[in-house]
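Given the structure of chain U, go ahead and fit chain G onto it with the hints provided.
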Amino acid sequence: MHKRLMSLAGLAAIAFIAHAVEGRADTISYADAVTALAKECGADIKKHCKGVNLSGGRIQSCLEQNAAKVAPTCTSTLASVTTSIRQRQAAQLAYSQVCKHDMAQYCNGVVGDGNILACLIETSRVDGRRCDQAITDAGWR
Amino acid sequence: MFVTRIRTLAMVGLMIAPGYASAQQINHNQLMGTLGRLEQGAPAVDVALLAEELAANAGKGVANLPNWQNLSRLSQLVVEIDFENDSVAIEPGPYRTIGMIADALHHPNLARYKFLVVGHTSSTGDAMHNLKLSQQRADAITDALSTTFAVAPDRLYPIGVGKEWPIDAGHPAAADNRRVQLINLGLLR
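Chains U and G supply the protein sequences, listed in that same order.
Per the numbering used here, the very first residue in the first sequence carries number 592; after that it's consecutive.
Per the numbering used here, the very first residue in the second sequence carries number 94; after that it's consecutive.
Keep in mind that a hint or two might mislead.
[As the list claims (entries may be wrong)] Simulated pairs of lysine-lysine, DSS-like, Cα-Cα distance not exceeding 25 Å: (1) G:Lys225 - U:Lys637; (2) G:Lys225 - G:Lys207; (3) G:Lys225 - U:Lys641; (4) U:Lys637 - U:Lys660; (5) G:Lys153 - G:Lys225; (6) U:Lys638 - U:Lys660.
Since the hints were made in silico from the structure, they are not lab data.
Excised from the complex, chain U in its bound form (with noise of 0.2 Å):
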């Protein structure tokens, strides 16, 4: 018994930290996303999704009402490509919410977003390092 639930706190232990990884895993470029996409799920795309075009959820849709025919590498990366460009998504988001204070603060009367980006930038030393990750993590830097 005891040692059953030490392996459950082991299994919660890593469940926690592979959260925490992903919660700070790097978010990868929508070219970078989309190029997996094309790279594993190409010859699919072509095959069984012609005329589908990449807008509005549709080959993902497609993928998916073949997934009996389709690739077992491409139905696993359809789903990292899709949850990525979701996390670039959310980070970009993020990004103005998360720097608010750090923008009033050290660039104050800076005039423009690419200006105020490229202030956040020069000050990274000394701006809160979540406005830092949420540079990064929306693939500005």
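For chain G alone, kept in the frame of chain U given last:
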């Protein structure tokens, strides 16, 4: 045809850049630099007027029309995006190009700008068919950018010019004219 190579041509200010032959694989920074350069006194472009001029001149070309001439003074980029034959479905090969454009459009340096997405064809085939297909393809790219990559749709203006505005005016039948052009129209209002 499944083309994995991504040939890209960056141009600023000129429709026909002398460096066209050295079309190259472009990276994120080049893309940002090319699309983000905003010249002083860049003309304001009315997309509705472009469409009007185009509709009134199908078959005759638009390069010398006043509103189309203005476009040549704006920051722009020409990319190759292959579609399935006579279809609006983008081949998997150029997904990367679309993704790179999305990365650039989401960057704070470009986030406030709106863009014209111009679909081109070569001079092969019927003018009206080319016009229609290029519009549908420009729409398809805009659709991919605004759904899969969450670029705000009010920043993108798709327009198909068919063979009316050849990229390589000296060789309108060349495959190099089957391109998509992104033009920075300036700040969102």
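List of violated hint numbers, smallest to largest: none
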